[in-house]
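*Asks:* Listed below are the residues making up each chain.
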Amino acid sequence: MDVDVDGLTLTLGGRPVLDGVSLHAQPGEIYGLLGPNGAGKSTTLSVITGLRRAASGQVSVVGHDPAREALALHREIGVLPERSGFYDWMDAPAYLAWFAQLYGRRLTGPEITAELAQVGLDGRNRRAIGTYSQGMRQRLGLARALLHRPRLLILDEPTNGLDPRGRREVHNLLLERSRQDGVGILLCTHLLDDVERLCTRIGILHQGRTVFEGALSELATASNEGESYRLHLRTEPPAVPLPPGVELLAWQGEWARIKLDGTRPPEDVWRGLLAARWPIAEIHQEAGGLETLYLRMTQKEEGPA
Amino acid sequence: MRRRLLLVPVLLLCAAMSALAAEPLEITLAPDGANPASPQMGEHLQFGSVIRNTGGVSLHGIVAWISMVRMDPGQEQPMDLEDWSAHKAVTRATLAPDGAITVNWPMRLIQAGDFRVVISAVTRDSQRIVTSPFLDFHVRPKPVVESSRILPVAFGMPLLIGGLLAFRMRGRILRR
Amino acid sequence: MNPILLIARKESRELLGSGRGLAWLLALSAVLSVLGLLFVSNTELSLLDNAQVVTMELGTITALGALLAVVLGSDAIAGERERATLIPLLLSPARRTDIVLGKMGNQLVGWLVMYLIGLPYLWAVGSSGQNLAQACAYLALFGTPLVLGFGFLAQGLSSRAAAVRSALVPSLLALILLGGPVMLGPSFRQSAIGSWLDRVNPFAAAINSFDSVVIDSQSLSAQLARLAIVLIWLAATAAFARSSATSMNV
Chain A
1 MDVDVDGLTL
11 TLGGRPVLDG
21 VSLHAQPGEI
31 YGLLGPNGAG
41 KSTTLSVITG
51 LRRAASGQVS
61 VVGHDPAREA
71 LALHREIGVL
81 PERSGFYDWM
91 DAPAYLAWFA
101 QLYGRRLTGP
111 EITAELAQVG
121 LDGRNRRAIG
131 TYSQGMRQRL
141 GLARALLHRP
151 RLLILDEPTN
161 GLDPRGRREV
171 HNLLLERSRQ
181 DGVGILLCTH
191 LLDDVERLCT
201 RIGILHQGRT
211 VFEGALSELA
221 TASNEGESYR
231 LHLRTEPPAV
241 PLPPGVELLA
251 WQGEWARIKL
261 DGTRPPEDVW
271 RGLLAARWPI
281 AEIHQEAGGL
291 ETLYLRMTQK
301 EEGPA
Chain B
1001 MRRRLLLVPV
1011 LLLCAAMSAL
1021 AAEPLEITLA
1031 PDGANPASPQ
1041 MGEHLQFGSV
1051 IRNTGGVSLH
1061 GIVAWISMVR
1071 MDPGQEQPMD
1081 LEDWSAHKAV
1091 TRATLAPDGA
1101 ITVNWPMRLI
1111 QAGDFRVVIS
1121 AVTRDSQRIV
1131 TSPFLDFHVR
1141 PKPVVESSRI
1151 LPVAFGMPLL
1161 IGGLLAFRMR
1171 GRILRR
Chain C
2001 MNPILLIARK
2011 ESRELLGSGR
2021 GLAWLLALSA
2031 VLSVLGLLFV
2041 SNTELSLLDN
2051 AQVVTMELGT
2061 ITALGALLAV
2071 VLGSDAIAGE
2081 RERATLIPLL
2091 LSPARRTDIV
2101 LGKMGNQLVG
2111 WLVMYLIGLP
2121 YLWAVGSSGQ
2131 NLAQACAYLA
2141 LFGTPLVLGF
2151 GFLAQGLSSR
2161 AAAVRSALVP
2171 SLLALILLGG
2181 PVMLGPSFRQ
2191 SAIGSWLDRV
2201 NPFAAAINSF
2211 DSVVIDSQSL
2221 SAQLARLAIV
2231 LIWLAATAAF
2241 ARSSATSMNV
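Residue numbers (the working numbering), protein chains in the order written: chain A, 1 to 305; chain B, 1001 to 1176; chain C, 2001 to 2250.
What the hints contain is simulated information worked out from the structure, not anything from laboratory work. Do not take every clue at face value.
Facing chain C, according to a computed beta carbon distance under 8 Å, are these residues of chain B, among others [claimed, not checked]:
hint: 1; residue: M1041
hint: 2; residue: H1044
hint: 3; residue: G1048
hint: 4; residue: V1118
hint: 5; residue: R1140
hint: 6; residue: P1143
hint: 7; residue: I1150
hint: 8; residue: V1153
hint: 9; residue: A1154
hint: 10; residue: F1155
From the three backbone atoms N, C-alpha and C, an ideal C-beta is built for every residue, glycine too.
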């Protein structure tokens, strides 16, 4: 396990902030940590990264106990906190060079340029960081987290302030790191689009507890609600029965509205339809989906006792 | 008639004698007994005066003041007592016959050198100024801050640091 | 490179290379300049002899150095927290103790810069008088532990405080409480409370040593008791700052 957390509890200021958090991320996978504001996500991350000690529970991160082996842990993880500041009087190359030295790396000029280029920043830019936009600062924070080639990245809202192109670039970078270098990623975000695109497993926190943990596709099953899709077909579909768990809701010209009952992952359904020679050109999920399921999952816990 | 003619020169002589006689004011000036024997810059001195009406009639509108001149050879000049003393004059509306005004004249020694002080006085009806005897004294110098060294540093250091700051700010603006 | 040196070097570059740091040095230099101009333009001050002026200058440089140390110290940890730069630093391989020691190193650089700024002013007021070399030496000997002590005190408070101002206010109060009585007249300092304060107050120990050496030409041996007071002050505040690493408010 890259991250192995069981039964975490923590009280701050007399108030229970974590009351049974568990999450388990496999090596090299991208794990999404979701939850409403105040659910305890950032506090969980602070315990995982060794900034705080839990009152009880077991924590192991890339084989280290954060409470006792924080320094060794910090050499193997890269962290992008939600609110990440910089030394505004420095320029980006100087900042990265200085930070790299903390990790025992002396970067050459071309190396610094390459580190900045991978996150879409210009290594020749000698402007002070204080003049940077939020998106540029976010990219610089990502470059800082990647500096020392960590085994595990812990990212809190990494696409904050980025435009759609920037978000896509960050997604591609993270996917590349995960697939090519086997870097595990613990992604804490509100953006369900990011979760759907990047994550294979997710955990949902609510009121300091884990209310769901599992594969993304399991979320639909767990919430016992199907998902609606619109399929754009190039031609008329063959006259064969629909696979089990798939219901045709309506035809709208070249578009077919279908509903999945959630017993099978959507990918399996598409593979089945394609195998049955359905001429599918596009697949669009209708409003609801993960967001609806997430809201219902967290709303359930707020129901009357 | 002859007697009246003889009176005229006598009267004229009396008038002339009156005019030639000293104003009925007498002024003394003496150093205070507590003054240091060899005063130095920054120390304090005090002088005492007695202004007495030596005439037979009351005097009105008396003004007495202290003056000082520098006597160093080649640097003789009257001194502005602005910084030396806050008590530079005394007035009295009326001084009866044989009456006296006792005045103390305190002084802070601002400069080094040789100086002479005198007390002067006039009345409303006087025709001439009345002075005390002169009093001379010497003020020893002491080492103090020299402006020739202070001024370059006082202006130069902030200019140097300010220049560095401006250079830094300019570099930052250019890089933007 | 050692994280302590890395952090100290980065902090020093900010002090000497950033607009904010240079603006502070400019302001402190301006105060010394105003004092210097008063020495030649003000009637009362211009009558002071060189030795008295030099001791006043020493006291002013020390007080300004302490003020800079308090500002740097208060900002050391709480400022990083406010600017959200503390967390990335804590998540690096630098230990909390390394961070605190690096910041303390920056205090030393700040005082060194203040000392170097003060030297031309000392020369300007004291070059025609007595004991100028001793004045410079005693400014280093007594000024260094005194000023660093104020910086370490502020830094220790900064580690525990939630905001810079929560560390700055008590640090300035400490500076005023220790420095204030020294500026009061001889009648207070000769009273029972005043003389007791004079004996234990590190600020008074430094100022009295300046007086004794520059004006009365006393030797070092006569200042040993006062030196002990400032060194105890330095040790106590350094221990406080270092212990703050473990109770650092994240």
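*Asks:* Run every hint past the structure and note whether it holds.
*Replies:* Hint check:
Look at M1041 of chain B: its Cβ gets to within about 6 Å of chain C, closer than 8 Å, so that hint holds up. Among the interface hints, the one on H1044 of chain B is violated; its C-beta lies about 11 Å from the nearest C-beta in chain C, farther than the 8 Å criterion. Interface hint at G1048 of chain B: violated, since its Cβ lies 24 Å from the closest Cβ of chain C, which is beyond the 8 Å cut-off. At about 24 Å, the closest approach between the beta carbon of V1118 of chain B and any beta carbon in chain C exceeds 8 Å, and the interface hint on this residue is violated.
Taking 8 Å as the C-beta contact cut-off toward chain C, the hint placing R1140 of chain B at the interface is violated, the least distance being around 12 Å. Hint status for P1143 of chain B relative to chain C: holds, with the closest Cβ pair at about 5 Å, below 8 Å. Because the smallest distance between the Cβ of I1150 of chain B and any Cβ of chain C comes to about 5 Å, under 8 Å, the interface hint for this residue holds. Evaluation of the V1153 of chain B hint against chain C yields a held restraint, the C-beta minimum of about 4 Å falling below 8 Å.
The closest approach between the C-beta of A1154 of chain B and any C-beta of chain C is roughly 4 Å, which is under the 8 Å cut-off, so the hint is satisfied. Here the hint on F1155 of chain B is kept, as its CB sits about 7 Å from the closest CB of chain C, short of 8 Å.
Hints 2, 3, 4, 5, counting from the list given before, are not met by this structure.
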